[in-house]
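Chains A and B supply the protein sequences, listed in that same order.
Note that the working numbering has the first sequence beginning at 3, numbered continuously upward.
Note that the working numbering has the second sequence beginning at 14, numbered continuously upward.
Be a bit skeptical, because a hint or two may be false.
In silico negatives: residues of chain A with every beta carbon more than 10 Å from chain B [to be verified]:
#1 E10
#2 L20
#3 R47
#4 R48
#5 T58
#6 A63
#7 P85
#8 S94
Label-pair distances were calculated between CB atoms; the ranges are [unchecked claim]:
#9 A:L43 / B:M358: 34 to 40 Å
#10 A:S77 / B:E445: 33 to 39 Å
#11 B:R482 / A:G46: 51 to 57 Å
#12 B:A595 / A:I102: 41 to 47 Å
#13 A:S77 / B:G561: 45 to 51 Å
Just so you know, the hints here were simulated from the structure itself, not pulled from any lab data.
Because the structure is a prediction, the values reported are computed rather than measured.
Yeah, the Cβ is synthetic: ideal placement off N, Cα and C, and Gly gets one too.
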Amino acid sequence: MPAEVNLETALAPDGSALVSVIGEVDISNVEILRGAVESLLEQGRRAIVFDLRRLTFIDSAGLAMLASAARRVDSIALRDPSPIVRRVIDVSGLGSVLPIER
Amino acid sequence: MSAQEALKADGAEASGVRAPGSGSAEPGEGAAETGQERSRSAGAVSARRGPLAGRLSRATATVLALGLLLTAALAFACQEVYEANEGRLLGLRAREVGFVLTAAVPSLQTPLASAAELADSTGGNAQKFRTFIAPYVGVHGEYTSVSLWPLGTRRLAPTVTVGPSPALASLPARAQAFFAQAAHEPKLMSVIGLLNTRRPGLGFEFNAPIAGTGFAVYAETPLPANRRSTHESDSAFDDLNYAAYLGRARAPSALLVTNLRRLPPSGRQATEQVPFGDSYLTLVVTPNGSLGGTFFQSLPWIIAISGVFITLISAFVAERLALGRTRAEQLAGALDRVASENRRMYAEQRGIAQTLQHALLPDALPDIEGLWLSARYVPAGSGVDIGGDWYDVVPAGEGRALLLIGDVSGHGLRAATAMASTRHAALAYAAEVQRPAALLQKLSDFLSATPHEYFATVLCILVDVRAHRLTIASAGHPPPLLLEPGQARFLELEPGAPIGVRSAGGYSELEVTVAPGATVLAFTDGLVERRGEILDVGLERLRAAASGSEIDLEDLVAGLAHDLASGRNNDDTAIMGLRWRA
């Protein structure tokens, strides 16, 4: 069964974007997230904050997508990941690539 | 080519197109292909109409039959109503004609009656009679001749004649009989038909009401030659043809005048009898065209033609609908075949994927002196995709071995090929460097050089068998579980970034000395990761399941793989265990 994800994107006047990721991200729907990121890049957004407050699950495909996005923007940050997600990020050694906003 | 053959050919074409993408990593792509396939099938089906057009469907035939039947019935009914109406109208017209004729009788009778009165009162004065009657005689008058006959004389003959000598004067016998008969009917004009004479005409007589004496006035008017009416069309009655007979019978010998070309008249006709002096006129009329108007005459035809037209349109529509339904059924059949073909290919792909997966994993683990080794791979519980998990054990000489376990993100051929290249790169570097951190760094440098959309977590453990020592480095991989007598703990270390993620930080190493007989379990996240729970819960579950058991390593690994991984996941799982023999 494909995971359900909803994205809400807010564009700030300073050129940054805030993407709220709601639901679950895994291999079955990671393309939705990728599409949103591609679209922001096309618009010239060079700073992306992912609001992960309501993200309940992310698999390695989702993390790979975020890590790949991190390479293509000037700045990336994760806001309020749940403990589940935070743990996955920590174990994956992606803490330095995907910094958690303080 | 029959429809079925065409469908089969179509199915073959679709699978031919499908095949190259069949191993695609992305479920999204798979879905898109299925969509294309559908539209392809739909196109093929709609392009084929030949075999269907030959025979009308039952619905169409029914519509056609009912429509034509209804049209015929309506047209027939309309025709019947028209006929009845025409008959009624003709009857009315005949009566009208009768009224007109009846009204004309006094204009014939009155001059004669007045002349008879004058003759009686003047004793048959010829001069007065002539003066009175002259205006009624001649081309513009009612009569060609009018004569005065004294009654009661021995030899019946006119004493005064205005106009030519009457025809009756040369027929003494008929004159005798006529005047005798007429004397019985005073105050009423008597009529005689002189039809079989040289100059056919009608004779009219009026006598004063003194029986057997006095005077009778007799007038004649000619009939047209051959009885043909000279006035073919009369403005008031030009929609009628007629034949007029003297008397009550329609005998040809009694025909006075007609404009019919053929007698007796055929077809629709009406007969009217009107009193004419002491006799009768029998009128037979037939319609000259349609009395009710041409629209009502054409109405049955209009109905018939419109009905046939509407029926044909309905039949066409019905046929189109029936055809559409047939095509939909064929399409459904085609889709059914495509679906079963897809199911078959899906199963085939799953088989191929698993075969490939196992081909990419080592056939057997090498023998390392002083160690037991065991490993299991469990494919994802659903889907055809190949996972990206792998493991390797590389002898490193001097009683040492390198254990590698990795997990490439994603599924499918792309993950499998990424896994294969990562694995082979790792094997190559293992021959060169043995420090786990250095190995991971080289691997990372190598695989981060090219841009891609996946990463691999890799755990690298250098095992020094004799020294009972482990050196561990992790590229974002879950920590291994160490089982020693009386305790079980995860060897947590600061993980570096996954392979393929360019990161500033390098890889750290953790060195652990273990007790004799210790067991190390390395695994991929499929064994511990569950949706909706924090990773530590899964790790704890594994620890609880693995600790405290005295069973063979082989059974332990198989048991964990079965209990924690089999069929529960959308992710594949690899698990590898090593145990010191002493």
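**Report entry** Violated hints, by number in ascending order, as checked against the structure
**Finding:** As far as the earlier hints go, 5, 6, 7, 8 are violated by this structure, in ascending order.
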